[in-house]
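**Student:** Residue numbers (the numbering used here), protein chains in the order written: chain A, 213 to 321; chain B, 1139 to 1251.
No lab work stands behind these hints: they were computed from the structure. A quick note: this is a predicted structure, and the numbers were derived from the prediction, not measured. Check before you lean on any hint, since a few could be wrong.
[Stated by the list, open to error] Far from chain B, by Cβ distances over 12 Å, these chain A residues were calculated:
| no. | residue |
| --- | --- |
| 1 | Thr260 |
| 2 | Gly278 |
| 3 | Lys282 |
[To be verified] Residues from chain A that face chain B, not an exhaustive set, calculated with beta carbons under 8 Å:
| no. | residue |
| --- | --- |
| 4 | Val240 |
| 5 | Gly254 |
| 6 | Val262 |
| 7 | Thr310 |
[Said to hold, decoys possible] Here chain A is said to cover these stretches of chain B; the calculated rule only asks that three of the stretch's residues, wherever they fall, bring their Cβ under 8 Å from a Cβ of chain A:
| no. | stretch |
| --- | --- |
| 8 | 1147-1154 |
| 9 | 1185-1195 |
| 10 | 1212-1223 |
| 11 | 1243-1250 |
Quick reminder that beta carbons are idealized off the backbone N, C-alpha and C, glycines included.
So the chains spell out like this:
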Amino acid sequence: TQLLEQSPQFLSIQEGENLTVYCNSSSVFSSLQWYRQEPGEGPVLLVTVVTGGEVKKLKRLTFQFGDARKDSSLHITAAQPGDTGLYLCAGGSNYKLTFGKGTLLTVNP
Amino acid sequence: DAGVIQSPRHEVTEMGQEVTLRCKPISGHNSLFWYRQTMMRGLELLIYFNNNVPIDDSGMPEDRFSAKMPNASFSTLKIQPSEPRDSAVYFCASRVGENTEAFFGQGTRLTVV
């Protein structure tokens, strides 16, 4: 079984603060994806990383894939209330896509 | 394209009844996934298909759950008989291939009373 552990489970911060959330596994994945989910909706893709050590930036979001392709992090700079949501990491291997439980982020104005 | 379409959006049923959830994936997508989401367990993978063939159903909770994909444009997830612990949001997702974006439907909120 491929398990993805995300931490922290919950995070409540003030607007303008920086934060990092983590996604760890004992399994190697061919790709690691981050999704964001809002209430009443399905998850929506933010980024896909496929190479060990890869770093991708999406405006104020920075994603990193671990060298061994087992873990990943998501860093948000100067968080805004619009960043509020459930952040899910997902590991891909042999066409399978397995999700972690997510980090529920609340950014207070 | 209208995206992944799931029906119904909400289902309330009595314990013991049969429930059928439906999914229409995006045209041209080769992989289809069924997930169940609860607060306690997160987004659990139940089963996934590749080119209409079930590849891995190890996430299906028990024999009460079954899934079919008779063609590239339609899949069903059936629970028979349903139990209160099956209450959750069930998502269907599809994608073109490995390492590509998975597109999710809006989910079916199932309540078994």
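**Student:** None of the hints should be skipped; say for each whether it holds.
**Tutor:** Here's how the hints hold up against the structure:
A beta-carbon of chain B comes within 12 Å of the beta-carbon of Thr260/A; the shortest separation is about 6 Å. The beta carbon of Gly278/A is kept farther than 12 Å from every beta carbon of chain B, the shortest such distance being approximately 17 Å. Chain B leaves Lys282/A outside its interface by the beta-carbon criterion, the shortest separation being 16 Å against a cut-off of 12 Å. A hinted interface residue such as Val240/A counts as satisfied when its beta carbon comes closer than 8 Å to some beta carbon of chain B; here the least separation is about 14 Å, so the hint is violated.
Using the Cβ-Cβ criterion of 8 Å, the hint placing Gly254/A at the interface with chain B is satisfied: the shortest such distance is roughly 3 Å. Hint on Val262/A holds. Least Cβ distance to chain B is approximately 6 Å, under the 8 Å limit. Restraint check, Thr310/A versus chain B: the minimum CB separation of about 6 Å is within 8 Å; hint holds. Residues of the stretch 1147-1154 of chain B with a Cβ under 8 Å from some Cβ of chain A number 0, which does not satisfy the need for three, so the listed coverage is violated.
For the stretch 1185-1195 of chain B, the assignment as covered by chain A holds, since 4 residues bring a beta-carbon within under 8 Å of that chain's beta-carbons and 3 suffice. Remark: the stretch 1212-1223 of chain B is not confirmed as covered by chain A, as 0 of its residues place a Cβ nearer than 8 Å to a Cβ of that chain, below the required three. With a threshold of 8 Å between beta carbons, the proposed coverage of the stretch 1243-1250 of chain B by chain A holds, since 3 of its residues qualify and at least three are required.
Checked against the numbered hints given earlier, the structure breaks hints 1, 4, 8 and 10 and satisfies all the rest.
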